[in-house]
Amino acid sequence: MIKVVNLHKRFNSLHVLKGITTQINPGEVVCIIGPSGSGKSTFLRCLNLLEEPTEGEIFIEGVKITDEKVNINEVRAEMGMVFQRFNLFPHMTALQNITIGPVQVRKLSQEEAEERAYALLDKVGLREKAHEYPDNLSGGQQQRVAIARALSMHPKAMLFDEPTSALDPEMIKEVLDVMKDLAKEGMTMVVVSHEMGFAREVSDRVLFMDDGIIVEEGPPSQIFGNPQNERTKSFLSKVL
Amino acid sequence: MTTSLSVCTYDARAAGEDDTGYRFAGREKTKGVSMKQMKHSRTFIVTLIMAGIFLLAACSGQAQETAGDTAGTDTVLIITSNPEGAEVFINGEPYDGVTPLTIRGLSPGRYLVEVAKARYRKESRYVEVKPGENMVRFSLAETSLYYLWKIAPLLLLGAVMTLFLTIISVFNGIVIGTFAGMARVVPFRLLNVIAGAYVNFFRGTPLLVQIFMIHFGLPPVLGSLFGDGTPIPLNPFLSALSALSINSGAYVAEIIRAGIQSIDRGQMEAARSLGMSYWQAMRHIILPQAVKRVIPPLGNEFIAMLKDSSLVSVIGMEELVRKAQVIVTRTYRPTETWLGVGLVFLMMTLPFTKIVTELERRLKTSD
Amino acid sequence: MKRSYLYLIIVLLVVVALVIVFTNKPQQEAARPVLRVGTDAAYEPFEYIDEDGNFAGFDIELITMIAEEMGRELELQNVQWDGIIPGLMNGNYDCLISAMTITEERMKQINFSDPYFTIKQAIVVREDDYSITGPADLAGKTIAVQNGTTGDLYASQIEGVRMKRFDTNPQAIQELLNKNADAAVMDDLVAYQAIAKMKGLRMIEIADAEVENYGIGVKKGNDELLAEINKALATLRENGKLDALIEKYRSM
Chain A
-7 MIKVVNLHKR FNSLHVLKGI TTQINPGEVV CIIGPSGSGK STFLRCLNLL EEPTEGEIFI
53 EGVKITDEKV NINEVRAEMG MVFQRFNLFP HMTALQNITI GPVQVRKLSQ EEAEERAYAL
113 LDKVGLREKA HEYPDNLSGG QQQRVAIARA LSMHPKAMLF DEPTSALDPE MIKEVLDVMK
173 DLAKEGMTMV VVSHEMGFAR EVSDRVLFMD DGIIVEEGPP SQIFGNPQNE RTKSFLSKVL
Chain B
880 MTTSLSVCTY DARAAGEDDT GYRFAGREKT KGVSMKQMKH SRTFIVTLIM AGIFLLAACS
940 GQAQETAGDT AGTDTVLIIT SNPEGAEVFI NGEPYDGVTP LTIRGLSPGR YLVEVAKARY
1000 RKESRYVEVK PGENMVRFSL AETSLYYLWK IAPLLLLGAV MTLFLTIISV FNGIVIGTFA
1060 GMARVVPFRL LNVIAGAYVN FFRGTPLLVQ IFMIHFGLPP VLGSLFGDGT PIPLNPFLSA
1120 LSALSINSGA YVAEIIRAGI QSIDRGQMEA ARSLGMSYWQ AMRHIILPQA VKRVIPPLGN
1180 EFIAMLKDSS LVSVIGMEEL VRKAQVIVTR TYRPTETWLG VGLVFLMMTL PFTKIVTELE
1240 RRLKTSD
Chain C
-11 MKRSYLYLII VLLVVVALVI VFTNKPQQEA ARPVLRVGTD AAYEPFEYID EDGNFAGFDI
49 ELITMIAEEM GRELELQNVQ WDGIIPGLMN GNYDCLISAM TITEERMKQI NFSDPYFTIK
109 QAIVVREDDY SITGPADLAG KTIAVQNGTT GDLYASQIEG VRMKRFDTNP QAIQELLNKN
169 ADAAVMDDLV AYQAIAKMKG LRMIEIADAE VENYGIGVKK GNDELLAEIN KALATLRENG
229 KLDALIEKYR SM
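Protein chains in written order, with the working numbering: chain A, -7 to 232; chain B, 880 to 1246; chain C, -11 to 240.
Don't take each hint at face value.
Claimed, not checked - Taking lysine to aspartate or glutamate and the EDC-like style, the derived pairs with C-alpha atoms no more than 20 Å apart in a straight line are:
no., chain 1, residue 1, chain 2, residue 2
1, A, K176, A, E166
2, C, K187, B, E1002
3, A, K(-5), A, E53
4, C, K167, C, D125
5, A, K148, A, D173
6, C, K185, B, E963
7, C, K187, B, E993
8, C, K152, C, E163
9, C, K208, B, D1107
10, C, K167, B, E1215
11, A, K10, A, E209
12, B, K1243, A, D127
13, C, K187, B, E1021
14, B, K1243, A, E124
15, C, K185, B, E1215
16, C, K185, B, E1021
17, B, K1029, C, D38
18, C, K187, C, D176
19, B, K1029, C, E39
20, C, K185, B, E1002
21, A, K56, A, E70
22, A, K148, A, E177
23, C, K129, C, E193
24, B, K1029, C, D40
25, C, K187, B, E1215
26, B, K1171, A, D127
27, A, K148, B, E1148
28, C, K229, C, E56
29, C, K219, C, D102
Treat the hints as calculated values from the structure; they're not laboratory data.
Please put together the full structure from these sequences, using the hints given.
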């Protein structure tokens, strides 16, 4: 569903992505692991054009989104994004955070949007917090609301940029549980994370990135059990 | 009283009565004291006492009477003062009555004349009283407090104009500044450049210079652009408002730009990730959050403008400072006048400073 | 909430519009034509603001009589000395009367009426300062003046002086009183007024000072108005009113 061909990204003189080519199929859960500075987040952010590729092409369901003529907003509406720092809108309640997308972008009525929002809140287990403001929620709760918000647009795929890295340990599980449920439901997910446990358990494929390229990719059993590449081995030995 | 007594003394001696002391002399010729009666001690004493009383009465009465029977000392001392109604002291002793005052029958000589009125400063002068008419005029100055009280209404009128100018200019400034501030932030290069030029120019030149440029420099330009070449004059009020508004706009633009840019990038990213357009994100996510951030600096801009508006005095605009200048050129009392002006400015700025501090506090907690 | 902001904006815009309309008074076509006059009313006894806040002084009385002769309504504007000529050139007023000496430099920018008053420069010093008895003693001293007056010009040419220029004449006098200047230079009649009003000052006449003439300033090209003003002045001279006014002020 997502096809990436020879993706390069330069920030001025810094060459961050040095030719990424890969594919993500519908329903697949792909985890991207690797050391800091490897370009994992940059790659993810290119997928919904938060970063503009310097070179290369990205196709989503056959549409070349790197083409200038494409409506970026429509592209992004189909790709949900969950951020490391949640980025909830602080001047809105949890419910409003979830309804604003559908109302403004999909032009839904407030009532319809709220109906959907309540359902999503149920899904992430936070219905009772519907009218709370983000600063009254814990980190884990905020991230779950953020996931619900991303889901409010009924995206074709969900992108997760280190979703648990900013959470206290006791809250990581509640977020990972929501993500596991999503995966079970068949959502196409691309997850950048340090949570190896999640990667091993839930993902269909793992991408190991280092220094701007995909060093090794394959099923978790291979990457974690039998890494082929020296760099992969070296990285895993440090984190596991 | 001293004066009266010395008059009595003088008269008595001149009258040429027997030199038994002044108590027997003067007016009581009618008493007819003879040597025989003096031998009777009781009547003697009674007469003495009665004479004394009569003499005293006569002497105190003398001060108010017009001189008719005094010999060769026709002096008239006319004391006037501006304002009238001041009390008079001659050689330290209070005189009955207030200015304008005419004192007759003073013996020629040097007197210390002092004049005092409530709420005015005491004035004193040495006066040489010569035979004939003597005139002395005092100009009384108000005490500092009374002076301040007197000019207060004028200053307050000026303060009203200052407030008025400030409110309108800052309001205009906010309108202009919102457009300019956003123009600096939005991803349109041309707008960025134009707004940047405007903001840099009006923040980089002194307000005083801007006021002169608009009031004196603009009319010929306007004349050649819109008229037949003759300059189109601007009245001071228009120039003042324009200069202050445009200047305020530049500062507000920066406040708004800073406010918008202080919102975390992640907010814009999250909004765009949902599929919102740039403007939708601005309108629903960024600007509502920015508003809270810009209110305290805007409050400070208002307070700053309250003070900076005083510069329009240079084109004759009748606000607080100009009013004070006109007063000073008339009364020559810069110390009290400018102190009063300072106090009036404080009265205007302190309440607003308190409000801004309170606003900052409230907005911080709700963030 | 949004509605009330809108109302507030409308109200403020209306107020601003009204203010602009009412302060930009157009020429009154109706009754009599107006003579707009600019003056720096901080120069006793020629022009100043009296206790009641009204314009007063020699120039004020003179221009009132002139306006009457011309059959015009008088409108006085109190403007700062620095901007008085630019204001005339910009058309803020039709003429200026402000104890302004007719000089070559000024004639380059504006036209003057026939002279209506003569003065000479004089020096004002503190009462107790006897070191200055004449212009020769001013060398090397600090002199306070009103910026751009003929007094300023006169003093600036003296050897080694340190000039302090102020926007208004009273400010220069104050500087002298505060002992921040050794002397002040101004028109003689104004000096008289200053020493009469303020304590601690005395005046020194400059015997060989140039005789200066005051004129009414009119924008170049406005010959019609200039002719009218001169005609009015001539009339006042003929019927003795001008001389009577001069006598009144000189004898004060």
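How the hints compare with the structure:
1. A:K176 with A:E166: holds, 16 Å
2. C:K187 with B:E1002: holds, 13 Å
3. A:K(-5) with A:E53: holds, 8 Å
4. C:K167 with C:D125: Measuring from Cα to Cα gives roughly 17 Å; hence the hint holds.
5. A:K148 with A:D173: holds, 16 Å
6. C:K185 with B:E963: Holds, at roughly 18 Å.
7. C:K187 with B:E993: Roughly 17 Å separates the two Cα atoms, so the pair holds.
8. C:K152 with C:E163: It holds: about 9 Å lies between the C-alpha atoms, which stays within 20 Å.
9. C:K208 with B:D1107: The hint holds at about 16 Å.
10. C:K167 with B:E1215: holds, 19 Å
11. A:K10 with A:E209: holds, 16 Å
12. B:K1243 with A:D127: holds, 13 Å
13. C:K187 with B:E1021: holds, 15 Å
14. B:K1243 with A:E124: Holds - the C-alpha atoms of E124 (chain A) and K1243 (chain B) are around 18 Å apart, at most 20 Å.
15. C:K185 with B:E1215: holds, 18 Å
16. C:K185 with B:E1021: holds, 15 Å
17. B:K1029 with C:D38: Measuring from Cα to Cα gives roughly 14 Å; hence the hint holds.
18. C:K187 with C:D176: Holds: K187 (chain C) and D176 (chain C) sit about 17 Å apart, inside 20 Å.
19. B:K1029 with C:E39: holds, 11 Å
20. C:K185 with B:E1002: holds, 15 Å
21. A:K56 with A:E70: holds, 14 Å
22. A:K148 with A:E177: Measuring from Cα to Cα gives roughly 13 Å; hence the hint holds.
23. C:K129 with C:E193: Holds, because 18 Å separates the two Cα atoms, which is no more than 20 Å.
24. B:K1029 with C:D40: Measuring from Cα to Cα gives roughly 12 Å; hence the hint holds.
25. C:K187 with B:E1215: holds, 17 Å
26. B:K1171 with A:D127: holds, 16 Å
27. A:K148 with B:E1148: holds, 19 Å
28. C:K229 with C:E56: The hint holds at about 13 Å.
29. C:K219 with C:D102: The hint holds at about 10 Å.
The structure is consistent with each of the numbered hints, conforming to all of them.
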